[in-house]
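Novice: Turn these sequences into a full structure, and let the hints guide you.
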Amino acid sequence: MSLARRALSSFSERLADPASKVQSYISRSRDPYLNLSIEDHILRTSPPDSTVLFLYTNRPCVVIGRNQNPWSEVNLGILHAARQGKHAPMDTEPPAIGDVDIVRRRSGGGAVFHDEGNVNWSITCPRTQFTRDKHAEMVVRTLRKLGVDRARVNERHDIVLDQGLKRHVADPQDTHATAYTAHEGGPRPFKVSGSAYKLTRARALHHATTLLASPNLHIIPQYLRSPAKNFIQAKGVESVSSPVGNIGLDIDTFQERLQEEFAAMYDAGAKRLTVQTVGEEQLSIPDVKKGYEELMTDDWMWSQTPQFTLTLQPYAGVDMDINVHHGIIKAINAKGSRYGTDVLDKIRPALVGQRLQDVGDWHTFLRSRIHPWDDGFDILGHHLENLIPIPKLTKS
Numbered sequence: 001m002s003l004a005r006r007a008l009s010s011f012s013e014r015l016a017d018p019a020s021k022v023q024s025y026i027s028r029s030r031d032p033y034l035n036l037s038i039e040d041h042i043l044r045t046s047p048p049d050s051t052v053l054f055l056y057t058n059r060p061c062v063v064i065g066r067n068q069n070p071w072s073e074v075n076l077g078i079l080h081a082a083r084q085g086k087h088a089p090m091d092t093e094p095p096a097i098g099d100v101d102i103v104r105r106r107s108g109g110g111a112v113f114h115d116e117g118n119v120n121w122s123i124t125c126p127r128t129q130f131t132r133d134k135h136a137e138m139v140v141r142t143l144r145k146l147g148v149d150r151a152r153v154n155e156r157h158d159i160v161l162d163q164g165l166k167r168h169v170a171d172p173q174d175t176h177a178t179a180y181t182a183h184e185g186g187p188r189p190f191k192v193s194g195s196a197y198k199l200t201r202a203r204a205l206h207h208a209t210t211l212l213a214s215p216n217l218h219i220i221p222q223y224l225r226s227p228a229k230n231f232i233q234a235k236g237v238e239s240v241s242s243p244v245g246n247i248g249l250d251i252d253t254f255q256e257r258l259q260e261e262f263a264a265m266y267d268a269g270a271k272r273l274t275v276q277t278v279g280e281e282q283l284s285i286p287d288v289k290k291g292y293e294e295l296m297t298d299d300w301m302w303s304q305t306p307q308f309t310l311t312l313q314p315y316a317g318v319d320m321d322i323n324v325h326h327g328i329i330k331a332i333n334a335k336g337s338r339y340g341t342d343v344l345d346k347i348r349p350a351l352v353g354q355r356l357q358d359v360g361d362w363h364t365f366l367r368s369r370i371h372p373w374d375d376g377f378d379i380l381g382h383h384l385e386n387l388i389p390i391p392k393l394t395k396s
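The numbering used here puts the first residue of the sequence shown at 1, with every later residue one more than the last.
Any given hint might turn out to be false.
To be verified - Straight-line alpha carbon distances no greater than 20 angstroms define the calculated PhoX-like cross-link-like pairs of lysine-lysine that follow:
{"no.": "1", "residue 1": "Lys346", "residue 2": "Lys335"}
{"no.": "2", "residue 1": "Lys235", "residue 2": "Lys330"}
{"no.": "3", "residue 1": "Lys145", "residue 2": "Lys134"}
{"no.": "4", "residue 1": "Lys330", "residue 2": "Lys346"}
{"no.": "5", "residue 1": "Lys191", "residue 2": "Lys21"}
{"no.": "6", "residue 1": "Lys198", "residue 2": "Lys134"}
{"no.": "7", "residue 1": "Lys290", "residue 2": "Lys198"}
{"no.": "8", "residue 1": "Lys145", "residue 2": "Lys198"}
As the list claims (entries may be wrong) - Quick list of the computed label-pair ranges, beta carbon to beta carbon:
{"no.": "9", "residue 1": "Arg66", "residue 2": "Asp345", "range": "32 to 42 angstroms"}
{"no.": "10", "residue 1": "Ser20", "residue 2": "Leu199", "range": "19 to 29 angstroms"}
{"no.": "11", "residue 1": "Arg348", "residue 2": "Gly248", "range": "20 to 30 angstroms"}
{"no.": "12", "residue 1": "Ser10", "residue 2": "Asp321", "range": "49 to 59 angstroms"}
Keep in mind that the hints were calculated from the coordinates and are not lab data.
Virtual Cβ for every residue (Gly too), placed ideally from N, Cα, C.
Specialist: As structure tokens, then:
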């Protein structure tokens, strides 16, 4: 048996072993599609009464929730421009960090930015033992033992660093308050960890970011601020914007101490918890490979988008509503002058029934569908390209 096959068997056998009640894994890969697929495999395969910690760090990427609209949550223009290597308008000029992936995860929650300075932790446990604060409190205890005394869990189940200027008396065992928690109207805390969840019949997955030392902190808002947000009425989950900050800890130190806290929490300390590494070799597992390939498809990324309506005004006096359901244009309606009705008669047959993921460049697409062409349609193409671009998921 080859070394890779032996490692693969070891992972699969250990993960599914009913006797392995407490398990811990850490990924060597920086591939967000792979790490999310390994995480999902853990959720599906681990014994129903086990608890599993999984740590991973991704290359720069934007990860949106299962039920989110990428066009209203993410500035897709800067992802598109960076991927195509083209000049972009001033408000979509990509920051100089290179190619950035966009990924739709399988859990709920909001949009987040990952990079090498952010550690993702996930806990898979029995559903009956799951609460939204339980494992965030575990992380806060870890941070406080590392000297981060401003860390706490807030009312949204996120981990924040209090920014109060005056120290006051606080219970050191209370993971929901610190000596620097400010009263209403005081300095807002910095969010350093946001959570998402996925529940199955017997299992619960709780995963979260941890901003330790992101070099891209100053540009994260550029990626998570969509120019289309005010033009889209959408079903689904909207992200809640919060000021963010770095914790300022070494990644290896944090991961080691978090593993220790996890082992102590689940009484695995007496029998030293073995931490196993995973990586690219896990793609040999059919379930992992299937999930990996699915996350990278246009159908998963774009066609899973809940129903939304894009409202724009490409011509003076004409309000146009474009209704999209699961990534397919279902209807186009316009209000305004008779000129607007004439325009609609040309646009509707060109767009209704079209899958957004197949458009590519809006100007090229419209020119191939609308005859005779009027230069006024360039305005429509400009609006659509700015508001609902469709970046390729793999670099061309």
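Novice: Ser10 and Asp321, beta-carbon distance inside 49 to 59 angstroms?
Specialist: holds (56 angstroms)
Novice: Does the alpha-carbon distance linking Lys198 and Lys134 stay inside the 20 angstroms limit?
Specialist: holds (15 angstroms)
Novice: Given the hinted pair Lys145 and Lys134, is their alpha-carbon gap at most 20 angstroms?
Specialist: holds (17 angstroms)
Novice: When you check the alpha-carbon spacing of Lys330 and Lys346, does it fall within 20 angstroms?
Specialist: holds (16 angstroms)
Novice: Honestly, do Ser20 and Leu199 meet the 19 to 29 angstroms range at C-beta?
Specialist: holds (22 angstroms)
Novice: Has the given pair, Lys290 with Lys198, been kept, meaning a C-alpha gap of at most 20 angstroms?
Specialist: holds (19 angstroms)
Novice: Taking 20 angstroms as the top limit, are the C-alpha atoms of Lys235 and Lys330 close enough?
Specialist: This hinted pair holds, its Cα atoms lying about 15 angstroms apart.
Novice: Can you confirm whether the C-alpha distance between Lys346 and Lys335 stays at or below 20 angstroms?
Specialist: Within the cut-off at roughly 15 angstroms; holds.
Novice: Could you grab the alpha-carbon distance between Lys145 and Lys198 and see if it respects the 20 angstroms cut-off?
Specialist: Violated: Lys145 and Lys198 sit about 29 angstroms apart, past 20 angstroms.
Novice: Given the hint of 20 to 30 angstroms, is the C-beta distance from Arg348 to Gly248 inside that range or not?
Specialist: violated (55 angstroms)
Novice: Can you confirm whether the C-alpha distance between Lys191 and Lys21 stays at or below 20 angstroms?
Specialist: violated (32 angstroms)
Novice: Range hint 32 to 42 angstroms: satisfied by the CB atoms of Arg66 and Asp345?
Specialist: holds (38 angstroms)
Checked against the numbered hints above, the structure violates hints 5, 8 and 11; every other hint is satisfied.
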